[in-house]
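One line per chain: the protein sequences are C and E, in this order.
The letter at position 150 of the first sequence is residue 149 when you use numbering that gives the first Met the number 0, and the numbering goes up by one with no holes.
The letter at position 161 of the second sequence is residue 160 when you use numbering that gives the first Met the number 0, and the numbering goes up by one with no holes.
Wrong hints could be hidden among the right ones.
With a cut-off of at most 20 Å between alpha-carbon atoms, the simulated SDA-like pairs for lysine to any residue come out as follows [what the hints assert, rightly or not]:
hint	chain 1	residue 1	chain 2	residue 2
1	E	LYS57	C	GLY74
2	E	LYS21	C	LEU65
3	C	LYS120	E	TRP114
4	E	LYS72	C	LYS120
5	E	LYS21	C	GLY74
What the hints contain is simulated information worked out from the structure, not anything from laboratory work.
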Amino acid sequence: MAQPVTQAIDYDRNVGWLHGNCLAILNPELPAGSMFTVVVPGVPQRVSSATIVGRAYDGETCMALLEDRRQVNEGSGYSFYRVDARPEVNLGIAMLGTAGRLDDYAFDACNTTEGVVFSLKALPQAGGATLWRGYYYLGYDTEPNCPVPSQ
Amino acid sequence: MPTKSGHYWVSWANAFAKNSEKIDDLAPTFRDNVRQFVQALTEAGATVSVSATRRSEKRAYLFHWSWKISQGKCKPSEATKMIGVDIEWDHGDDRLSRAGALEMARAFGLAVPPWSTNPPSLTSSHIRGEAIDMTIRWTGVIRVRQKDGADMPLAFTPNVMANSALHRVGESYGVRKLVTDAPHWSLNGR
Chain C
0 MAQPVTQAID YDRNVGWLHG NCLAILNPEL PAGSMFTVVV PGVPQRVSSA TIVGRAYDGE
60 TCMALLEDRR QVNEGSGYSF YRVDARPEVN LGIAMLGTAG RLDDYAFDAC NTTEGVVFSL
120 KALPQAGGAT LWRGYYYLGY DTEPNCPVPS Q
Chain E
0 MPTKSGHYWV SWANAFAKNS EKIDDLAPTF RDNVRQFVQA LTEAGATVSV SATRRSEKRA
60 YLFHWSWKIS QGKCKPSEAT KMIGVDIEWD HGDDRLSRAG ALEMARAFGL AVPPWSTNPP
120 SLTSSHIRGE AIDMTIRWTG VIRVRQKDGA DMPLAFTPNV MANSALHRVG ESYGVRKLVT
180 DAPHWSLNGR
């Protein structure tokens, strides 16, 4: 039986999202060499590992900082890091080691009208609460497939 | 003479098919609504940073078909034509056609969720000039004039999607909030 996920974990500082070899996370203090786990939600869910290479400051090294989307993504407070992810993923969720065991969580992602929402939830048997949510503004229009939020 | 898909078209789009950040480029009715809403916000002490207004239909076309072809969601020969974008998607070899499209999709920074079959859209409220992406910030509580002249007190919340009072003020001007995307406001709320 799954154990309840502890609420003491600071998910914002330990969970982020990736587009290509660039990590966005609400944590400005990750040193180069830090290793983390990458989860690509879906069926099947794919899990791999990656390493922080250094900070990213522009669209040359980080797609989240391309001209069309930079202002909004930076404005959300994220810090951006170049990463070495093998195999390279297009979109994924990053979990630093202190965030706990992967088996304790459900990972998800969906398209909004012009972005991607990533989420980390406790398992249904542990209450199913949303523990972390990340928004990636793409700066172009897509067909949304996220559930419509209740007003 | 058409030019084959590939990196050339990324440079071309960045030169000739750019999106706009100018309120003046919106469709006239929505433009006037936005001007009044933004004026009311700034007069009340808020700062408004606009990140996108009208988006280029040609840029969207290049995004759409480079995504679909690069992901193997269609044959290169199925791509439609667009006046003013003389691109040749079909290189006469599926592998080369896909490589050309993939070069573009990567350089445009297109997201490819493994669970998604939805490419970037060919049409949108931004392309019609009926949407704006903007970030609105202020400190504490401000009083913003609504379209009917009445003041609405607005407390700042970091999550704009939850600030229903701000949404009501915007709606009074015909600028409606889409609650799935933080910066997005439009004529119809979508």
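Distance restraint between LYS72(E) and LYS120(C), which requires alpha-carbon spacing of 20 Å or less: violated (31 Å)
Check the hint pairing LYS57(E) with GLY74(C) against an upper bound of 20 Å on the C-alpha distance. Since the Cα atoms of LYS57(E) and GLY74(C) sit roughly 28 Å apart, the hinted pair is violated (cutoff 20 Å).
Between the alpha carbons of LYS21(E) and LEU65(C), is the straight-line distance 20 Å or under? holds (18 Å)
Please verify whether LYS21(E) and GLY74(C) have alpha carbons no more than 20 Å apart. With a Cα-Cα distance of about 19 Å, the restraint between LYS21(E) and GLY74(C) holds, given a limit of 20 Å.
LYS120(C) and TRP114(E): Cα distance at most 20 Å? Judged against 20 Å, a Cα distance of about 18 Å means the pair holds.
This entry does not satisfy hints 1, 4, going by the numbered hints stated previously.
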